[in-house]
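There are 4 protein chains.
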Amino acid sequence: MNNQVAAIPMRFIGPVRVRSEIIDDEQINVPLATYETTLWPSTARGAKVSCLAGGIAVSMVSDCMTRSISLEAPSAKQAVEIARSIEVNHYDKLAGIVSQGSRFAKLQAIQHHIIGKTIYLRLSFTTGDASGHNMVTFAAEHIQNYLLSVFADLRYVSISGNYCVDKKVSAVNAILGRGKYMIAEINISENICQQVLNTTPARLVDLHIKKNLIGSIAAGSLQSANAHFANILLAMYLATGQDGANIVEGSQGITHAQCDDQGLYFSVTIPNLIVGTVGHGKMIGFVKDNLEQLGCLASTEPGLNARRLAEIIAATVLCGELSLLAALTNPDELMRAHQLFERRNR
Amino acid sequence: MNNQVAAIPMRFIGPVRVRSEIIDDEQINVPLATYETTLWPSTARGAKVSCLAGGIAVSMVSDCMTRSISLEAPSAKQAVEIARSIEVNHYDKLAGIVSQGSRFAKLQAIQHHIIGKTIYLRLSFTTGDASGHNMVTFAAEHIQNYLLSVFADLRYVSISGNYCVDKKVSAVNAILGRGKYMIAEINISENICQQVLNTTPARLVDLHIKKNLIGSIAAGSLQSANAHFANILLAMYLATGQDGANIVEGSQGITHAQCDDQGLYFSVTIPNLIVGTVGHGKMIGFVKDNLEQLGCLASTEPGLNARRLAEIIAATVLCGELSLLAALTNPDELMRAHQLFERRNR
Amino acid sequence: MNNQVAAIPMRFIGPVRVRSEIIDDEQINVPLATYETTLWPSTARGAKVSCLAGGIAVSMVSDCMTRSISLEAPSAKQAVEIARSIEVNHYDKLAGIVSQGSRFAKLQAIQHHIIGKTIYLRLSFTTGDASGHNMVTFAAEHIQNYLLSVFADLRYVSISGNYCVDKKVSAVNAILGRGKYMIAEINISENICQQVLNTTPARLVDLHIKKNLIGSIAAGSLQSANAHFANILLAMYLATGQDGANIVEGSQGITHAQCDDQGLYFSVTIPNLIVGTVGHGKMIGFVKDNLEQLGCLASTEPGLNARRLAEIIAATVLCGELSLLAALTNPDELMRAHQLFERRNR
Amino acid sequence: MNNQVAAIPMRFIGPVRVRSEIIDDEQINVPLATYETTLWPSTARGAKVSCLAGGIAVSMVSDCMTRSISLEAPSAKQAVEIARSIEVNHYDKLAGIVSQGSRFAKLQAIQHHIIGKTIYLRLSFTTGDASGHNMVTFAAEHIQNYLLSVFADLRYVSISGNYCVDKKVSAVNAILGRGKYMIAEINISENICQQVLNTTPARLVDLHIKKNLIGSIAAGSLQSANAHFANILLAMYLATGQDGANIVEGSQGITHAQCDDQGLYFSVTIPNLIVGTVGHGKMIGFVKDNLEQLGCLASTEPGLNARRLAEIIAATVLCGELSLLAALTNPDELMRAHQLFERRNR
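Chain order of the listed sequences is A, B, C and D.
Under our numbering, the first residue of the first sequence carries the number 481, and numbering increases by one thereafter.
Under our numbering, the first residue of the second sequence carries the number 481, and numbering increases by one thereafter.
Under our numbering, the first residue of the third sequence carries the number 481, and numbering increases by one thereafter.
Under our numbering, the first residue of the fourth sequence carries the number 481, and numbering increases by one thereafter.
Simulated from the structure, these hints should not be mistaken for lab results.
None of these values were measured; they are calculated from a predicted model.
By construction, the Cβ of each residue, glycine as well, lies at the ideal position given by its N, Cα and C atoms.
Mixed in with the good hints, there may be bad ones.
Sample of chain D residues facing chain C (criterion: CB under 10 Å; computed from the structure) [said to hold, decoys possible]:
hint, residue
1, Ala487
2, Ala589
3, Asn653
4, Gly657
5, Ala682
6, Asn726
7, Gly761
8, Thr809
Please model the complete structure; the sequences and the hints are all you need to start from.
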């Protein structure tokens, strides 16, 4: 009964045109694995815009992986003293412990949060080309063991205190970072808007404000104002061997659209894009093929392959977001597209 | 280049022992498709507990699928009048329109939210055995066209106003419902806790409070207090042809653990479990096989197959949650388990 | 040492011009009690706009006061059964109990939320002219005692289960209502914008989007997108004998600004405005005087006085919000205004 | 009509017994100004416990005041470059500008958040004994003017970009700090629990978990899990000349209760307590008297008076929280107390 596979439909769409600090100006075909097959033509339309409009510029704001350990002191007073001491007196030692235990993990920051007498230490690391879940758990365990040996008053609570935060909705990730903080942006002329997206900048901006911004606020969203980041994230995560449950954090991002003299400025901000090109799942045949075809196995400088992958994903999220929002500006386009495409593909 | 598949590793684990209004007392093997292969042994340990402890009882609190349309009135004053009129004067007509357009969709409720002069109408439906994304978009479009024809002052904004909320973090879903609202629970003796989970009820409860409750609150979570619902949800979604991006809402749930005379009471509350046994993805060979093996294609009463699937998933989420929390009570168990399992499976 | 008073500076500003279902078209002077005395000239500028621009239209979407009791069943299964039974079999009985116990409280709705085996019953009432905190606690206690006597399996947890939600940040209040859900709106010509507010509609809208919408989302706000509702709410609450701590819920509201052919459409949506004209604090001399001068003691129809007060407050919140946002469009206006006013008033 | 006052009832309750780094072991009477007069006896009961149980220990975790300016770059790419350059190349210059412009304000940290091409710079300062609202606006304006002169590509958006966050619900404040981050804690014997609070540690902890933790999570709270911080905060803010609207942030805090060998450990964590002993409102006669009586005008070291005030407030919040939670463990105590006290005080 074992050693089966879930064979999820996958297609390459595009090309998506991308520019960044590390991508000169490339047109890249991207694989989307999904049961929601209408994602293919929809994202492809956005990709078409990217080629016509001079490409999507992608920037990385920050990059890390985190794990929060939770420890209990005898009192809040001692918790505060110990937390300060860790940062002032033990940071360098802890950084050394991390580097000794791993070729790739480097301690980047420690932030503490104290509730009553419980300390949540949010440990932040760079992890090379790995998404780094296990690497940081391993490093956190070493740090934890050291702290428990140095501070006799501390008691172990949990190696993961839900202040990390992994695969769960939170605010802390967007504010302090987890994964790669990516922004993808494009300037689209009124003309391309009309001809490819069948809408105008003004109409798209109006819909964006009332749906993504006000609609999300009214729904009680948190750090999130977009149409469907999660769809594209999952499709690319499955195609490239990522831990798909990290789309939960990934889904918390912000689309922006505003009119200007040239037409439409459009961006997607994804503060928590967790991806890797090595580790779990990356050895599977089709995953390797996909990563190779995306150019994400070529660099020998640690971190650059994963960064390239994040940039391609961010650009693809923009394509999917742009196309869906444009479709929604026309009352019956969404449903018609679904019906047409699904009939054609029966 | 097309018509490829992403072949994701899948194993059946279990059996998970489940009881509910519609499941007598069965031991069910469940498929988990995931790159995170340590999920298999971990969830299997929880399944073992389910068998020894008399089974997991699953309850369904509510069931619906929603879509929110967004419309603009000339003023807030008119928006309020129109929203009231829709509910008082047009509800029956709208329910009829929905029933005429679909064999399975039934209008269940309309809730309005007005921001300035923009109306967000959250339409709630039952959708039989389908998860219902497209069914409710179709129904919402009919409702929208009717309303635009009746209320000349209304202007179309969006067929989906982000007050639905689909694949995005929100509070409204947990409060008003989207998908199936499931609770799975189990009573575990101190003895089983010790022998299978290698911990005590008191230690597990203490860790749960500081990690899942306080840790999540400190992290700025929203409607969410659990360890890793998203992991199990995704693995079962991929194995059964679901729209995996709905784990975003699914991840927003609450674990509860408390000590009592008998040992440990443990439950998982999942307010937004979106699943179907018909529709997109369900025709794929292995999906059909899996649904069949889970007994989720057997009923001829609309809705019962999807409900059965939701109950099995909820019980499996409990298994995964219980096992991970127990592991975390022991300082180095998590890392050791990862290392052992991954070494064995290289 | 006792029987002292905190003597907080108070001024009447205005007039604020208001129109609604119950206010024909009046110009009303409003009292603001505050240590932040720059609120006076700032809100007065907004009031001036209200008079020039034809008045602020105010609408009430809904009206209630809530209390959530928390009860525990032996299992989630029984919790679900009991919750259903309460709504189906006992609603009328409970409504009767409420009406018998109070001249003004009427049961309006019961909503349940179940986490594990704990039931949170959110009881919603109308409470006439009282804000109703004590009235609904009293009613909830009667309901609770009845339920504990009918359902032998239920165990008391808390008469207030934090699902009410009183004086605390939450999403449930905005979605299900607590207090009066108010919208105030105004249309302002480009000309008035320029001459009184020293800005243009386009500049104000751009600032609003980047500050109130995107800035709030980035900050991890919840159901909240405004500049300073809390300031005006507190100043009016203190002047009219309200429970000032309810500004916590009141602060969670949404400002909207959009350009149109006539100039600027501007609105404030306040879903949780909790006010009363009878009860605690209303017997104090200056409070009575203020309520009288606002015309909020004149009606003999229960509820109309409190509603009138809510409408005046909502209109005043709009004045304060409009004026501050306009000031912020000019780089140094805010600081200059503070310095000038405070120097003048030393 | 002007120069009136809102005369709000005020009483001193206590003494509250407090210990901290700067308070040796004092019994302090505290003034509460409120229309909700039942706060007096309730908080007084908590104060009684504080004296019997050896006092409330108070710790300060951090201390700052913030203002976020919002600026727009031509692209996200440039926004990222500029944000980095500010932190790397201009921090010292900016710190100097701040120190030159004020005797008390010191730049403590700059954190940036970029959405699309809009930069939100969250500027963090220490502000001596002032709460610092105006001081940091003034400093932020100087910083802003400097940045606009150095970076020609930047465009002014807002001197306050709602990422500060002032008087509004948010996650960023609890995570990055705004105001004083205070923890107050106490250990209470089973005996005192029984005799003064009429409950047991176990019953209080159970209620706390289901009300403050789970109830708040179910209600969609954010960074908040307490019973009524806002009540005590407002009463003390009004009595000591604070900007009362800051209870919005102040309300977002976490109560903790757990049983141990000695009885009950109880704490309140208030991450955003904004108070000052100089500035707006502090010159008013009764305010000055109150601050003096609290010992909050005695120190000549900048910051110590405001810190002392924050510690007293935190301890008083604990008293109010403890007493209400204890009352709620007894089904009808809350209502009976209200009725008795209000009858007595008519």
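Each hint tested on the structure:
no.	hint	verdict
1	Ala487	holds, 4 Å
2	Ala589	violated, 16 Å
3	Asn653	holds, 8 Å
4	Gly657	violated, 13 Å
5	Ala682	violated, 13 Å
6	Asn726	holds, 8 Å
7	Gly761	holds, 3 Å
8	Thr809	holds, 8 Å
Comparing the model with each earlier hint shows violations of hints 2, 4 and 5; every other hint is respected.
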